[in-house]
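Enquirer: Each chain is listed here by its residues.
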Amino acid sequence: MRRLAVGLVSGFALLGIIGAVSTIGLGQTPQVIRMTVKKFEYSVKEVVIKKGVPVIIEITSEDRVHGFSLPAFGVRGDVNPGETTRISFTPDKAGVFEYLCDVFCGEGHEDVSGKLIVTE
Amino acid sequence: MALNITKRDFLKLAGLGGVVVASTLPGFRSRSLAAEGAGEEFYFVQLSDLHWGFKGPPINPDAEGTLPKAIAAVNALPEQPDFIVFTGDITHTTDDEKERRARMAKAKEIIGDLKVKQIHFLAGEHDASLDNGAAFKEFFGKTSYAFGHKGVHFIALDNVSDPKANLGAEQLAWLAGDLKTLKPDQPIVVLTHRPLFDLAPSWDWATPDGKQAIDMLLPFKNVTVFYGHIHQEHHQMTGHIAHHAARGLMFPLPAPMSVPKKAPIPWDAGNPYKGLGFRGIEDKVKDAKITLTEYPVQKA
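From first to last, the protein sequence lines stand for chains A and B. The letter at position 80 of the first sequence is residue 406 when you use the working numbering, and the numbering goes up by one with no holes. The letter at position 249 of the second sequence is residue 255 when you use the working numbering, and the numbering goes up by one with no holes.
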């Protein structure tokens, strides 16, 4: 299982993203998570982030239309092949939450999910 | 035709011992029933989540035998229901369009063995989400519709042809128009595949715009929803509207959010067909009640 800690993302890479996300203030360094999705898995199945720090999820599809849904925080997006979908939010609660594909993609659709761990 | 058979007779004669539960729920109260046959007692049977085409011996080593056994059990009921509803996932999904149609053809052939020929089909996401319901419509007809039966207004809603599981603006507009013709005390039964309410969104057990449908139904005093999708019996109220999920006929699933990751419950060799079954629904119109009876695929 691939686990991603957002601290690994370089600050340089973030510069092109910050301007596109209005909810993130200039004084905050967003937590950026990059992953891909294909039938029938996300490339990152477990993510650890910090409560209260803005998050940007960047996701691309390797095959067909998928979804990225994080019901606990009320955010979702379509993930189309050839595009990068960016989903931003600020986790306001700690805990373990599930993210999942909410665009039915075939027999293994139920397996397209991952775990988001929000720490204090 | 009034049903004079009691539930005890119903079970005894059917040879279906080991009933899981039978619950009587308030629902249908006094109402104005003008249509012919209105107010008569009747019952119908709900089958759901057949997943024909599923293969996985650790989950169900009798994948091709379970449905025929359920059909035989329904046919063995001492008095046949007025009609039967299938609340979706008749087939297990496949990317292969030819195979999808082959599965639907075979499932329809087996279902054709039912004595009762008045059958209402709904699609599940496994049937319809990969082609927006195209194949399903070829074999089983429309995915959303309404019909009346002995004074009860039935509404079938499609929350699966859209791969994002929405009812959609067009269907919601149709629902609004359909409801506009009904009186507030009209008994309504809604049939659908996914829960219309947020049962467990992180398990994909929800309909994103289902609340809009529920809000449209709230002004009506007597509304009951029957659905499938979650492969287990489940009962929940949203206001005065009762929502009842049925067991499936291929594999059971765990209770909502009861385990870290949703997955089929493996076959129990010591208790085969555990968690699988179908439901009888009696509308005791004069007593203002709906009675649900859960039946196993075969007696223990």
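For the record, the hints were derived by calculation from the structure and aren't laboratory data. Keep in mind that a hint or two might mislead.
[To be verified] For lysine-lysine, the following DSS-like pairs were computed, each having C-alpha atoms within a straight-line distance of at most 25 Å: (1) A/K365 / B/K61; (2) B/K156 / B/K112; (3) A/K364 / B/K170; (4) B/K112 / B/K143.
Enquirer: Indicate, hint by hint, whether the structure satisfies it.
Expert: Hint check:
no., hint, in the structure
1, A/K365 / B/K61, "holds (19 Å)"
2, B/K156 / B/K112, "violated (32 Å)"
3, A/K364 / B/K170, "holds (17 Å)"
4, B/K112 / B/K143, "holds (15 Å)"
In this structure, only the earlier hint numbered 2 is contradicted, and the remaining ones agree with it.
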